[in-house]
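Residue numbers (the working numbering), protein chains in the order written: chain A, 1 to 483; chain B, 1 to 130; chain C, 1 to 467.
Among these hints, one or two may not hold up.
Claimed, not checked - Distance condition first, Cα-Cα at most 25 angstroms in a straight line; then the derived SDA-like pairs of lysine to any residue:
(1) A:K383 with B:A124
(2) A:K358 with C:L15
(3) B:K65 with A:R38
(4) A:K430 with C:M1
(5) A:K19 with C:T436
(6) C:K250 with A:R38
(7) C:K152 with B:L45
(8) A:K383 with A:F412
(9) C:K371 with A:I27
(10) A:K453 with B:G38
(11) C:K289 with B:A124
To be clear, the hints were calculated from the coordinates, so they are not data collected in a lab.
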Amino acid sequence: MLIFQHSRPGRRARAQAPKEKAGLDAIPEQFLRRSRPRLPEVSELQAVRHYTRLSQKNFSIDTQFYPLGSCTMKYNPRGANRLAMLPGFLARHPLAPESHSQGFLSAMHELQEILAKVTGMAAVSLAPMAGAQGEFAGVAMIRAYHQARGDGGRTEILVPDAAHGTNPASAVMCGYRVREIPTLAEGDVDLEALRRALGPQTAGIMLTNPSTLGVFERHIATIAEMVHEAGGLLYYDGANLNAILGRVRPGDMGFDVIHVNLHKTFSTPHGGGGPGAGPVGVGERLAPYLPVPLVDFDGHDYRLLTEKERPESIGRLSAFAGNAGVLLRAYVYAKMLGAEGMRRVADYSTLNANYLMKRLRAAGFTPAYPSRRATHEFIITLKQEAKELGVNAMDFAKRLLDLGMHAPTTYFPLLVPECFLIEPTETEAKETLDAFVEAMVRIREEAREAPEKVKGAPWTLPVRRLDDVRAAREPDLKWEPPA
Amino acid sequence: MSEIPDDLRYTATHEWARDEGDGIAAVGITDHAQELLGDLVFVELPEPGTDVAAGGECGVVESVKAASDVYSPLDGEVVEVNEALADSPEGINEAPYENWIFKVKMADPAQLEALLDAAAYAEAVEAEEH
Amino acid sequence: MPFIPHTEEELRQMLETIGVAAIDDLFDEIPAALRARSLEGIGPGLSEMEISRLMQEKARQDGQPLCFIGAGAYDHHVPAAVWEIATRGEFYTAYTPYQAEASQGTLQLLYEYQTMMAELMAMEVSNASLYDGASALAEAVLMAVRANRGSKSKRVLIPRSVHPAYRATVRTIVRNQGIELEELPYDAGSGHTDLEALEGHAGEDFAALIVPQPNFFGVLEPADPMAEVAAANGWLTIALVNPLAMALLKPPGEWGGAGADIACGDGQPLGAPLSSGGPYFGFLCTRQKLVRQMPGRLVGRTRDLEGREGFTLTLQAREQHIRRSKATSNICTNQGLMVTAATLHMALLGAEGLARTAAACHANLGRLVEKLTALEGIEPRFAGPAFHESVLKLPMEVAGVLRTLAAHNILGGYDLQRDYPELENCLLVCATESRTDEDLEKYAVNLERVLASRRQGACATMVRFDL
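Using the sequences and the hints, build the whole thing.
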């Protein structure tokens, strides 16, 4: 039932709006709205109950194992939420003067420093509001750099064929053409193809390392050398930073610019799809182009630097200073981990992934890259199961939901047929991983003995499989009251 | 195995073309292409009057999980588009060779003959699957 | 080891299963030269108690001044239930609803949000949100350039009365695609867009015209005639509006006969705390026929195998994970949690509650302006009707006045001269429904004192000069 169906004319949550109805004498008639928008008219209890019940129809980290590859669905500490929502932080106006901002700005400045250190970059801007915006900012800085040097002939960004869709989309938003580089059978970038693709038209390359295939790019140092030699720059997509946090720094791998997904590695909540935060870090030569605002400290006071102090900046990405509340949560998390804790993130996420891969392999499932170590995630392909049992990766995914686990990422990356990209994260206990293996084995058994049980899944959730074709052919995007 | 009528010409990117007379060719996507895409939910038609080059983008077909550009097999001008597909993209799934997407006034009718014939296209499909 | 559950014994068993001696061995594919040295400078980890203490101190340090700044972020009452429910783990720690059957809560909520937002804007379709108002405006510009098939130009008209930081953001985001932004002046007397200047562009090729309502000065724009000029010239109209104001003001869908083509803005007034500028959320609505040009997530209602109603992400072929380099935008997520709050906020207030809130803001602004313009030397700068903020001209430089007020724990407004050099001594003030009569009085009394003391200071200086 929709909230609109609880609505009755004249019903209201009366405590929530001003008691008096003020007049609008000063506003001429032609500016005024003539009819009321059809918003729900419900009591406070009705709204609370409706949305509480809706929440119960979701899977979430707090309620289920959520091994969604490439998304780093680890525990989001409650302490970070509570402290970011201290009344003083919530009430601070974004344009409050420096005299009333030193506490907030000091946290932001320290976060900049922490992120710079842990990624091996010279400077960090917290401005981007999501990973994709960080990518945009990063590529825009690459463009600004080439332009400032009068090197305008560089029109192409290279992207591995296994990259996230945001990489090519971000490059295009920055006015670049995209050229895809193939991947070799063991998951590394094809260096020969890269060599052929590089040239005076190359502005840069966007890489994720560990790659989206769940393996570490072993030739990264060579790649960096080749791209730099061709005059291009290297962009690090921080989607998989969790795998190497404190172990390897993108700056040491030769990257010139990076973004970090704080909602992944720094455990800020995914919130049903945002808000995220995608701070960008750069080496010295890109530092002038960082997006504003930046937090500066003169040894005495903290202040925000804007376009005025940073004339070469690519500019602003939001009305104010990015997703401050998300940044505060990441700050709390980083402070709680400390240097040792960060390293343990990489250690234990890698341990969990390798353990789970080993156990699934022992149970007869097929890793996509059997000769490679897992990083914080790995891929299995259910191609064989699909062929022999007629049950595909989507069916396995849906049946896992019945068994009380969120499915891994399915059908990404596109290079591997019938794939599951599995990322258990460091915050899951061994028995949860063991239970996942048991669930996979059970589903395979069911597929042999009663395949309809798997193909028809899920059975136990609020809805069965949905008709996506109908949804797209006859889009129903807004509720209309019955005529 | 998908259907590949003998009387049509094909491209390696899975378009078909049919001679409609008067230097005009109708273009659609093949049975194999619609099978790969699955249930189509939207067809983006080119604008009539656009000049197209062989191999150039000329419309998009979308399913729930994929989107694919349609390439013109021929040089020429788009003279007509199949408006019916706007409301019923499933026509392509049901009868891919009846539901053409656009018609081209060919700049060089000899190009049509140079496209793949049914046997050559069948081979291309075969090769792709292995 | 915060948040890591492994016991020593489990660690041993797991390593044994994998077949390695130590965790270090799991990193053996990484060239030794690349392995990080210590993370020098990042201190030791803190317990929750320790970090709590630190954060409380930082929050306290910034105080809680009495705020009369608006300028794109507004201090409204948010019902307690909004964030109590939005931060339930099932909303807070879920991700993008890729597995629709396991995400019906988020999906249905987004469908309800889309309905509410489209209603508020009187538009046909809303997406599931973008990052913030400024980036939503940039996306609207990109969308308009794509969608306006009749226009060959990549030029868009943007009034100078649009928030300066929004204009800057749009520039950053669209610049690299060769899109040109042509600024329109505002009328010096009324503070709204100069209609003559707009009409002067008649016959030129633009993809779109942006119409802010209210504009950055709080002044109401002549949205109807502006939208009509746009329609007559084949430009799309992009409405940039305050969603709370739309509870009272004519919504974009009704502007100029045919309505705006795209409506966007910042959703902060609908349940997001000020929170230093974010996270807020951007909204974007449009006509049904332009929906495939829309950026961002969309949720549709459909049926399941048994014919039951259900919700799913739809029209995804527009998006980066399918279209890659040909996507409508690189946007991946929306601002889900903020939209969860906004949906709750709109449900709790309803049309009546939002209208009352908006009217109370307007009335409070009227009272504030009355009190402040009663002081010697202060006058309203613009003659046009305003919504919940307004421009005042002070008898002296604004920056100094604001500094002194801040020392008395009052944030007096926004110094317009920073962005509009011609608006010398002009101050943008805002009063929402959450300012009481006492607050307004306190501001007036303090401002009077500050003006007086600074005048004296100035006189004293002059006296010294005279000597």
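Can you name, in rising order, the numbers of the hints this structure does not satisfy?
Violated: hints 3 and 11.
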